[in-house]
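**Student:** Can you join these two chains into the complex? Each is in its own frame, and there are hints to help.
Here is how the chains run, residue by residue.
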Amino acid sequence: GAVVSQHPSWVICKSGTSVKIECRSLDFQATTMFWYRQFPKQSLMLMATSNEGSKATYEQGVEKDKFLINHASLTLSTLTVTSAHPEDSSFYICSSRDSYSYEQYFGPGTRLTVT
Amino acid sequence: QKEVEQNSGPLSVPEGAIASLNCTYSDRGSQSFFWYRQYSGKSPELIMFIYSNGDKEDGRFTAQLNKASQYVSLLIRDSQPSDSATYLCAVNSSSYKLIFGSGTRLLVRP
Chain A
51 GAVVSQHPSW VICKSGTSVK IECRSLDFQA TTMFWYRQFP KQSLMLMATS NEGSKATYEQ
111 GVEKDKFLIN HASLTLSTLT VTSAHPEDSS FYICSSRDSY SYEQYFGPGT RLTVT
Chain B
-4 QKEVEQNSGP LSVPEGAIAS LNCTYSDRGS QSFFWYRQYS GKSPELIMFI YSNGDKEDGR
56 FTAQLNKASQ YVSLLIRDSQ PSDSATYLCA VNSSSYKLIF GSGTRLLVRP
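Chains A and B, in that order, are what the protein sequence lines are.
Under the numbering used here, think of the first position of the first sequence as 51, with each following residue one higher.
Under the numbering used here, think of the first position of the second sequence as -4, with each following residue one higher.
Isolated chain B (complex conformation) (with noise of 0.2 Å):
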């Protein structure tokens, strides 16, 4: 079992609509978790991160943390096709090393 799985995608919106991205994780000691984007050819870029339950909003994205069901998801009001990227998922093991899902690929249809 692989210790962070996303759904490799792609996953496709339309301009304008909301765009689910989850995650789930297997160390239940984890405590850190990171979004991160990453455009083709480029080098992924941390879009947002969350240590406690709950939601955490930063303008466009929410990040939601659930620990008991060891999810982490992401949501992107407003969708634009320049959001169409790879979100990868990311988690803290016991030291300081991340844990990175395969990513989710984003399609937003103008």
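Isolated chain A (complex conformation) (with noise of 0.2 Å):
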């Protein structure tokens, strides 16, 4: 299957500060990238689709203002919570898909601790 990486795997920050996610597809063009958040025993939640070159497009509930994605190239897609709660302490997920297919590929995910 494909790659897709992502960076960092953990990372843990104090609230009122911003935190930047990356995710990268390193063997194919990912016109689209997607942003899941899963709390523990949950199941995943779709937070936002990241097309390249375009707004992204927010779930009911995400606040866009909140999280910031920006899908700058085909192969990049950044995910920046701002202003960090404790709240917003869980496992990010993103994923890719390849241009030509409808099958998805996550990254190993970064779970954020705000403290």
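It is possible that some hints are incorrect.
Claimed, not checked - Taking lysine-lysine and the DSBU-like style, the derived pairs with C-alpha atoms no more than 30 Å apart in a straight line are:
#, chain 1, residue 1, chain 2, residue 2
1, B, K92, A, K91
2, A, K116, A, K105
3, B, K37, A, K70
4, B, K37, A, K114
5, A, K64, A, K114
6, B, K92, B, K37
7, B, K51, B, K92
8, B, K37, A, K64
9, B, K51, B, K62
10, A, K70, B, K92
11, A, K91, B, K37
12, A, K91, A, K70
13, A, K116, A, K91
14, A, K70, A, K105
15, A, K116, B, K92
16, A, K64, A, K116
17, B, K51, B, K37
18, B, K92, A, K114
19, A, K116, B, K37
20, A, K64, A, K105
21, A, K64, A, K91
22, B, K92, A, K105
23, A, K105, B, K37
24, A, K116, A, K70
25, A, K91, A, K114
26, A, K70, A, K114
27, B, K92, B, K62
Unchecked claim - Sample of chain A residues lacking proximity to chain B, with all beta carbon distances greater than 10 Å (derived):
#, residue
28, S65
29, V69
30, K70
31, R74
32, E102
33, V112
34, L118
35, A122
36, T125
37, T130
38, E137
39, T163
What the hints contain is simulated information worked out from the structure, not anything from laboratory work.
The beta-carbon is built from N, C-alpha and C at its ideal position, and this holds for glycine as well.
**Tutor:** Written out as structure tokens, the structure is:
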């Protein structure tokens, strides 16, 4: 399957600071990338869909000004959690869709802890 | 009604047995169906996808799709303890978004 990387794999930050998470598709061009959040023992929750060169589409209830998404190239999308609070602590996972198929491949995830 | 439904489990099977995981979906227009495996603390890994009615086999895994009944299943033959994980069923919506079920936890007993 396709390879998707995420950086960092884990991060601890203080309340009120911002954190940037990078998602890269390493061996294919990803027209569309997706950002998910997963709380312990819960299923994946789609936060937003990121299309290269255009604004991200956010799911209902997700604050676009708090979770800034940039998809500047076909291989890189970033998620910035602004003014993080402890309730933002979660497992953030990106996925990439190959331009020529429907399959989504997930990155390894970033575990964010806000103290 | 949830769009994609799965029994949360856990489904417990002995090593070497066949594990059968089921999933139903509500959108009749869905075209693409996926099974992901997620180990605790890890991200999901794509293990099977199926687009047409019938069976699709890949090694020990077989995906089965029945669009008329709106269900998709995953069979794991010769189950191993390393197969113990949560299995997520996902269905393509009209866009490229995937709708995930809440997952079925599988336990394979040695």
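**Student:** If a hint holds in the structure, say so; if it doesn't, say that too.
**Tutor:** To see whether the hints hold, each was checked on the structure:
Among the hinted pairs, K92 (chain B) with K91 (chain A) is consistent with the structure: their alpha-carbon atoms are about 22 Å apart, no more than 30 Å. Restraint check for K116 (chain A) and K105 (chain A): satisfied, since their Cα atoms lie roughly 15 Å apart, inside the 30 Å limit. Between the alpha carbons of K37 (chain B) and K70 (chain A) the distance comes to roughly 20 Å, so the proposed pair stays at or under 30 Å and holds. Taking the CA atoms of K37 (chain B) and K114 (chain A), the gap is near 26 Å; set against the 30 Å cutoff, the hint holds.
Of the pairs offered as hints, the one joining K64 (chain A) and K114 (chain A) holds, with about 21 Å between alpha carbons and a cut-off of 30 Å not exceeded. At roughly 21 Å between alpha-carbon atoms, K92 (chain B) and K37 (chain B) fall within 30 Å of each other, so this suggested pair holds. The suggested pairing of K51 (chain B) with K92 (chain B) holds, with an alpha-carbon distance near 23 Å, which does not exceed 30 Å. For a cut-off of 30 Å, the pair hint linking K37 (chain B) to K64 (chain A) stands: about 24 Å separates their Cα positions.
A hinted pair counts as satisfied when its Cα atoms are at most 30 Å apart, and K51 (chain B) with K62 (chain B) qualifies at roughly 14 Å. Distance hint between K70 (chain A) and K92 (chain B) is fulfilled; the C-alpha atoms sit about 23 Å from each other, no more than 30 Å. For the suggested pair K91 (chain A) and K37 (chain B), the alpha carbons sit about 12 Å apart, so the restraint of at most 30 Å is met. About 24 Å separates the Cα atoms of K91 (chain A) and K70 (chain A), which keeps this hinted pair within 30 Å; it holds.
Note on K116 (chain A) and K91 (chain A): the hinted pairing holds, with a Cα-Cα distance of about 24 Å set against a maximum of 30 Å. In summary, the hint linking K70 (chain A) to K105 (chain A) is supported, as the alpha carbons are separated by about 17 Å, within the 30 Å threshold. For the suggested pair K116 (chain A) and K92 (chain B), the alpha carbons sit about 22 Å apart, so the restraint of at most 30 Å is met. Among the hinted pairs, K64 (chain A) with K116 (chain A) is consistent with the structure: their alpha-carbon atoms are about 16 Å apart, no more than 30 Å.
Distance check on the hinted pair: K51 (chain B) and K37 (chain B) sit about 26 Å apart at the alpha-carbon level, within 30 Å; holds. In summary, the hint linking K92 (chain B) to K114 (chain A) is supported, as the alpha carbons are separated by about 18 Å, within the 30 Å threshold. A hinted pair counts as satisfied when its Cα atoms are at most 30 Å apart, and K116 (chain A) with K37 (chain B) qualifies at roughly 25 Å. A distance of roughly 28 Å separates the Cα atoms of K64 (chain A) and K105 (chain A); the hinted pair therefore holds under the 30 Å criterion.
Using a Cα cut-off of 30 Å, the hinted pair K64 (chain A) and K91 (chain A) holds, with the two alpha carbons roughly 24 Å apart. In summary, the hint linking K92 (chain B) to K105 (chain A) is supported, as the alpha carbons are separated by about 16 Å, within the 30 Å threshold. Of the pairs offered as hints, the one joining K105 (chain A) and K37 (chain B) holds, with about 29 Å between alpha carbons and a cut-off of 30 Å not exceeded. Using a Cα cut-off of 30 Å, the hinted pair K116 (chain A) and K70 (chain A) holds, with the two alpha carbons roughly 12 Å apart.
For the proposed pair K91 (chain A) and K114 (chain A), the alpha carbon gap of about 25 Å is at most 30 Å, so the pair holds. For the hint pairing K70 (chain A) with K114 (chain A), the CA-to-CA distance comes to about 14 Å; that is within 30 Å, so the pair holds. Between the alpha carbons of K92 (chain B) and K62 (chain B) the distance comes to roughly 19 Å, so the proposed pair stays at or under 30 Å and holds. No beta-carbon of chain B is positioned within 10 Å of the beta-carbon of S65 (chain A); the least distance is around 24 Å.
No beta-carbon of chain B is positioned within 10 Å of the beta-carbon of V69 (chain A); the least distance is around 18 Å. In this structure K70 (chain A) is separated from chain B by more than 10 Å, as the shortest Cβ-Cβ distance comes to about 19 Å. The claim that R74 (chain A) is not at the interface with chain B holds, since no C-beta of that chain comes within 10 Å of its own (minimum 14 Å). With a closest Cβ-Cβ approach of about 13 Å to chain B, E102 (chain A) is found to remain outside the 10 Å limit, as its non-interface label requires.
Against chain B, the non-interface label of V112 (chain A) holds: every CB pair exceeds 10 Å, the least being about 13 Å. For L118 (chain A), the requirement that its beta carbon stay farther than 10 Å from each beta carbon of chain B is met, with the minimum near 20 Å. Listed as a non-interface residue, A122 (chain A) keeps its Cβ farther than 10 Å from every Cβ of chain B; the least gap is roughly 19 Å. At roughly 17 Å from the closest C-beta of chain B, the C-beta of T125 (chain A) stays outside 10 Å, upholding its exclusion from the interface.
At roughly 20 Å, the least C-beta separation between T130 (chain A) and chain B is larger than 10 Å, which holds for a residue marked as non-interface. The claim that E137 (chain A) lies off the interface holds: its Cβ sits roughly 20 Å from the closest Cβ of chain B, which is beyond the 10 Å cut-off. For T163 (chain A), the non-interface assignment is confirmed: its Cβ lies about 14 Å from the closest Cβ of chain B, beyond the 10 Å cut-off.
Violated hints: none; the structure is consistent with every hint.
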